[in-house]
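J.: Each chain, written out:
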Amino acid sequence: MAVSRWNIFKQLFKKDWEQVRTETYFVLALALTVNMVVNILNIRQATPLFVFIFIAPFLVPLYSAVQLFRREWSGGTIYLLLSLPVSGFPIFFSKLLAVLLEFMIQTIGVFGLTIVFVYLFGTDDPRPAFNFNFACTGNMVHALGMASLIMLGGLALVTAAIFFSQSLGRLVPKYQDLSAFVFFLLSLWIAIKVAAGLGGAVLPFSTAPPEPALIWQVAFFLLGMELVIAGLYLAATAYIYDAKLEL
Amino acid sequence: MIIFEKASKSFGRTLALNNVNLALPEGKIIGLFGPNGAGKSTLLKAAAGLVRLNSGQVTVDGKIPQQRRSKLAYLPEQNTLPPNWTIKRAAEFYRAFFDDWDNERYEKQLEFLNLKDGMRFTRASRGQWAKARLVLTLARQARYILLDEPFSGIDILAREEISKALVRDYSEGQQTIVIATHEIDEIENLVEHIVFMDNGRITVLGDADELRHQEGKSIVSIMKEAFRHGSK
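Going line by line, the protein sequences match chains B and S. Each step along the first sequence adds one to the number in this note's numbering, with nothing skipped, and position 25 is 25. Each step along the second sequence adds one to the number in this note's numbering, with nothing skipped, and position 202 is 202.
One chain only, chain B, in its complex shape:
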């Protein structure tokens, strides 16, 4: 069979997805269990449980991102990756996509399951709880869409920063995990400084209270910055992989 870029990427993604799907199923199973227990046993004070399962889709993908990189070394699969005739960018891009897909499935699953259970078992009309607006636009679909994209972009940035800092950590002969953690904090700090600095220079923050148009500008700017910085960190990670990493 002829080698194609699509098939190569498909195999890389499949391998990474196989690694993170256990965590995805775990979070979905947890959400199902909590919803069933709370609604069937009619537990009144269930807020802490729901906070826990609502936070999980945001935290578990970050844990998966860390583990995706670490497992390559601990399991020896880094030998497999480094002997493939493929550069670092598709390798890390497939990992990033696997983490983003995990986040999307978990978020939709957890919130979807909760909404279904509220409709099935709830005694009050639950619709007002979900009827929120985004600033002054009044368009919930647009607002929800933009909020989801910003969250997805934020996760992409943090995940790329995790890969970047872990790759840098591998270049340090001792205390690799500690070094990676310090590099991670530094890379987030740089991302925030760059975004805040550029935002202050580019966006017209003079109007108070903010106009709806400005809120959308800020949202687009934020999303754009998240994607650009995530792309830069991913490219830097691929460079380290191609030119510096060794076994």
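The set of hints was computed from the structure by calculation and includes no laboratory data. Since this is a predicted model, take the numbers as computed values, not measurements.
Cβ-Cβ distance ranges computed for the label pairs, FRET-style: (1) B:S148 with S:R13: 47 to 57 Å; (2) S:N103 with B:F52: 45 to 55 Å; (3) S:N21 with B:A29: 53 to 63 Å; (4) S:N21 with B:P85: 22 to 32 Å.
Below, in silico cross-link-like pairs of lysine-lysine (BS3-like), each with a Cα-Cα straight-line distance of 30 Å or less: (5) B:K174 with S:K6; (6) S:K71 with S:K6; (7) B:K244 with S:K71; (8) B:K10 with S:K116; (9) S:K63 with B:K244; (10) S:K116 with B:K14; (11) S:K88 with B:K14; (12) S:K6 with B:K244; (13) B:K14 with S:K108; (14) B:K14 with S:K71; (15) S:K108 with B:K10; (16) B:K10 with S:K88.
We put the CB at the ideal spot given by N, CA and C, even for glycine.
Take the given structure of chain B and dock chain S to it, following the hints.
T.: Just chain S, lined up with the frame of chain B:
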């Protein structure tokens, strides 16, 4: 051809390769021998582009190894495949990356080594795992096959099977197989060319038959002697 020119590599204070000059002859089965810690694995990793030299260079057909990965099949000593994979899943993965993958050869080697492609690595014995990894490496018609300690931790029956599998589909003159091992007697009869390493240096180098004829001894005896001289 794989050529090392003044290649040196150290890990901390340990000098794994010490100014190595070596040209591995093409189209032959080469035995890379030496005691533990001699630098055999580092030499193979350098040829596969997995370590970066401190000085000197290594080239594969005139280019750095990272640019020749499609021509190299490297089998490291440790397990490199996700444990939850089956042999079939691993084959599907390899097939996507290498256009020299030969499905017929893969199936024949599986049958020869009595392996089922649905076998999951988590359920495989150490010997089965080693044989499966060898099948996946040899299923490619790669120009250069680099095997690092393929007999490590394997029982004697499985060793014999692996030795036979090595030569079974070997395309003489077209493929170069480098086998790094400290267990010389396992492959003494297979190898056509010998490289002996000690303390990061090449101490013995030459055609296996010529060496046997010149010294009037088996390769094992020559290597033992070279090791004793090197240790002094």
